[in-house]
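Enquirer: Sequence:
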Amino acid sequence: MTTPLDSRFASGDASPGFLLWQVTNRWQAAIRRALAPHEVTHVQFVLLAVLTFGDSDEGMTQAALSQRAGADPMMVSQVIRALAERDLVERRQDATDRRAVRVRATAAGRELARAANRAVEDVDEEFFGPDATASRPMVEHLAAALARSLA
789 MTTPLDSRFA SGDASPGFLL WQVTNRWQAA IRRALAPHEV THVQFVLLAV LTFGDSDEGM
849 TQAALSQRAG ADPMMVSQVI RALAERDLVE RRQDATDRRA VRVRATAAGR ELARAANRAV
909 EDVDEEFFGP DATASRPMVE HLAAALARSL A
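For our numbering, count along the sequence shown from 1 and bump the result up by 788.
Just so you know, the hints here were simulated from the structure itself, not pulled from any lab data. Note that beta-carbon positions come from the ideal geometry of N, C-alpha and C, so glycine has one too. Errors might be hidden in some of the hints.
Said to hold, decoys possible - If you anchor each label on the Cβ, the simulated ranges turn out as follows: (1) 797 to 879: 40 to 50 Å; (2) 792 to 843: 46 to 56 Å; (3) 802 to 863: 32 to 42 Å.
With the hints as extra help, turn the sequences into a complete structure.
Expert: The following block contains the structure:
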């Protein structure tokens, strides 16, 4: 007989970390499917959405974009280069800080972000359900989202 896992939880279904891992994997798969017709990855969409949501003539620095998106600065730099090659963003040197690069979504980038955002929000609504904003314990939210994704 094997020794069971020494855990403070009666089962994996009671572990918020394990539930979050399962929910995240299923949600990310649904997001990838929704974004596929738009020919952008999830991180490309997130960066375009942040730039479009905060749209201004001067854009924002890559550092600010990285911080706002909660993404690694080196990864943001690489993704921004790829988006610039597709003419979805414009990059330029900051006027006051020569070390900083400012980024702004182009008209095509904003259009793509808006179309893809509708698809992403549809996934979120279907995946997390209409009661996603209800006040209840996180484990209940995660369990409900997982159950919906398995149905």
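Enquirer: State for each hint whether it applies.
Expert: Here's how the hints hold up against the structure:
1. For residue 797 paired with residue 879, a C-beta distance near 47 Å keeps the hint of 40 to 50 Å intact.
2. A beta carbon spacing of about 54 Å between residue 792 and residue 843 agrees with the range 46 to 56 Å that was offered as a hint.
3. Separated by about 34 Å at the C-beta atoms, residue 802 and residue 863 satisfy the suggested range of 32 to 42 Å.
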